[in-house]
Amino acid sequence: MHAALILKNYYMSDMASQVIICDYLLSVVFGRC
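Mapped onto this note's numbering, the consecutive letters of the sequence shown carry residue numbers 1 to 33.
No lab work stands behind these hints: they were computed from the structure. A couple of the hints might just be wrong.
Listed next, with one range per pair, are the computed distances between beta-carbon atoms [to be verified]:
(1) 7 / 27: 38 to 44 Å
(2) 24 / 4: 27 to 33 Å
(3) 30 / 3: 36 to 42 Å
(4) 31 / 10: 29 to 35 Å
(5) 30 / 2: 40 to 46 Å
(6) 2 / 31: 38 to 44 Å
(7) 29 / 8: 37 to 43 Å
(8) 22 / 2: 38 to 44 Å
(9) 28 / 7: 38 to 44 Å
(10) 2 / 29: 36 to 42 Å
No farther apart than 25 Å at their CA atoms in a straight line, the calculated lysine to any residue pairs in the SDA-like style are these [what the hints assert, rightly or not]:
(11) 8 / 23
(12) 8 / 22
(13) 8 / 19
(14) 8 / 21
Glycine included, C-beta positions come from ideal geometry on N, C-alpha and C.
Generate coordinates for the entire structure from the input sequences, incorporating the hints supplied.
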């Protein structure tokens, strides 16, 4: 159970960082000032 929670937290943070990176790249590509 403890390992499952660690894995879940790892994957959630990994997914969140990918979303942040994707959002950043989109803003760089489409949001040039």
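A quick look at each hint next to the structure:
The given range of 38 to 44 Å is broken by residue 7 and residue 27, whose C-beta atoms sit roughly 30 Å from each other. One distance hint, 27 to 33 Å for the beta-carbon pair residue 24 and residue 4, holds here, with the actual separation near 30 Å. Taking 36 to 42 Å as the suggested C-beta distance range, the pair residue 30 and residue 3 conforms, at roughly 40 Å. Judged by the Cβ atoms, the range 29 to 35 Å given for residue 31 and residue 10 holds: they are separated by roughly 30 Å.
For residue 30 and residue 2, the hinted distance range of 40 to 46 Å is satisfied, since their beta carbons lie about 42 Å from each other. Take residue 2 and residue 31: their Cβ atoms lie about 42 Å apart, and the range 38 to 44 Å holds. Taking the beta carbon of each, residue 29 and residue 8 are about 32 Å apart, not inside 37 to 43 Å as hinted. The hinted window of 38 to 44 Å between residue 22 and residue 2 is violated, with their beta carbons roughly 31 Å apart.
A beta carbon spacing of about 31 Å between residue 28 and residue 7 contradicts the range 38 to 44 Å that was offered as a hint. One distance hint, 36 to 42 Å for the beta-carbon pair residue 2 and residue 29, holds here, with the actual separation near 41 Å. Distance restraint check for residue 8 and residue 23: the Cα-Cα separation of roughly 22 Å lies within the 25 Å cut-off, and the hinted pair is therefore satisfied. The suggested pairing of residue 8 with residue 22 holds, with an alpha-carbon distance near 21 Å, which does not exceed 25 Å.
Straight-line distance between C-alpha atoms of residue 8 and residue 19 comes to about 16 Å, which keeps the hinted pair within the 25 Å bound. Distance check on the hinted pair: residue 8 and residue 21 sit about 20 Å apart at the alpha-carbon level, within 25 Å; holds.
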